[in-house]
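Protein chains: 2
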Amino acid sequence: MSKPARRRPGRRPGSADTRGEILAAARRVFAEKGFDKATVRGIAKEAEVDPALVHHYFDTKAGMFAAAMQLPITPDDVIPLVVEGPREELGERLVRFLLGVTAAPETREPLVALIRSAMTNEPAAAMFREFITNAVLFQVADRLGVPHLRIEAAFGQMLGVILARYVLELEPIAGASEDELVELLGPTIQRYFTV
Amino acid sequence: MSKPARRRPGRRPGSADTRGEILAAARRVFAEKGFDKATVRGIAKEAEVDPALVHHYFDTKAGMFAAAMQLPITPDDVIPLVVEGPREELGERLVRFLLGVTAAPETREPLVALIRSAMTNEPAAAMFREFITNAVLFQVADRLGVPHLRIEAAFGQMLGVILARYVLELEPIAGASEDELVELLGPTIQRYFTV
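Protein chains in written order, with full-length UniProt numbering: chain A, 1 to 195; chain B, 1 to 195.
It should be emphasised that the hints constitute simulated quantities derived from the structure, not laboratory data. Every value quoted in this text rests on a predicted model; they were computed, and no experiment measured them. Keep in mind that a hint or two might mislead.
You can't tell identical chains apart in this list, so a pair holds if it fits in one copy or across any two.
Mimicking EDC-like on lysine to aspartate or glutamate, the simulated pairs with C-alpha atoms at most 20 Å apart in a straight line are [to be verified]:
#1 K37 with E92
#2 K37 with E171
#3 K45 with D77
#4 K33 with E21
#5 K45 with D76
#6 K45 with E178
#7 K37 with E169
#8 K37 with E106
#9 K33 with E106
#10 K45 with E171
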């Protein structure tokens with residue numbers, strides 16, 4: 001048993017819990033204000049830490065959102081992957097990446113949980129809507145010069161296929177190989193990115 | 001107040017309630033057994049009516065399912081619309097039809113409710129899965145000679161767009177005109193139907 005004198009005097013910057021406390025505060029603030037209106041400063045205040053410390057743990061608000069929602073990927077991972085590399089292979093690259101992320105239950109489930117809650121309650125829908133458009137889809141679209149409507153059509157294709165494959169579990173799409181799906185869906189996504 | 005002698009002696013074939021009672025029984029049987037294993041005979045037994053009476057109200061099991069779930073459209077409406085008419089306009093025709101059905105809240109909401117429940121509990125998922133594949137998608141695919149996987153890719157596209165437009169309410173797709181969406185999505189659907 002440790003001596004009383006060795007007890008830590010409450011929460012301290014950089015303590016083992018600080019990151020977890022910031023994420024818990026982030027979840028409360030995102031749920032209350034949505035993604036757009038939440039600020040690093042507001043989350044720091046809620047967590048009772050200095051904003052500089054929040055920045056120490058999380059580079060961007062989008063990264064903090066992804067961590068708070070336990071998403072396996074952040075926009076900072078996805079955007080370079082889509083934007084870099086040959087433009088004519090973008091469809092295939094994106095389909096392959098999304099199928100890879102959603103193949104394993106431990107990376108798929110947090111994404112599905114976020115979509116499920118967005119489909120069943122309006123505050124969660126607002127939070128998801130602001131995050132997926134402003135932090136992900138529009139970022140990609142603007143860097144590639146693709147209209148927002150076209151990237152949302154591509155998002156709709158991948159959302160529907162992932163739901164059909166993993167949530168509704170429709171056969172044969174649930175049991176199709178990654179290569180079959182890349183061949184089927186790649187040209188669709190490529191077309192939406194070809195203005 | 002009506003006289004006791006005029007009271008109806010319980011449930012009678014063809015009474016004002018019979019159709020509603022059959023539908024209530026159908027909902028119970030579909031929920032318990034799923035779409036595939038439910039039978040007209042089993043639903044008639046649950047409703048305590050003659051199977052012939054069930055057939056009098058509903059031509060097909062799929063039609064009964066659509067009525068029980070208060071769906072605005074039955075497979076018997078959709079299948080001819082997709083299968084008949086010029087094959088090269090199928091994509092546009094299907095997109096326009098689905099956008100039309102989902103535009104008005106009173107026809108959209110029962111469909112969204114069915115998808116929501118299929119996404120959040122497994123018995124509802126099983127029921128939806130069996131209905132949408134065996135009674136809708138495979139019927140269309142087989143009549144047109146299109147592989148099942150391709151029609152599920154088309155289903156995924158339309159499912160994702162309808163969720164993005166009406167449930168997640170992402171802009172600009174939520175506010176896009178029907179013509180814009182037909183132009184954007186029609187060629188995708190057409191490609192999946194072109195083997």
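Q: Quick one: which hint numbers does this structure break? Sort them smallest to largest.
A: Hints 1, 3, 5, 6, 8, 9 and 10 not satisfied by this model.
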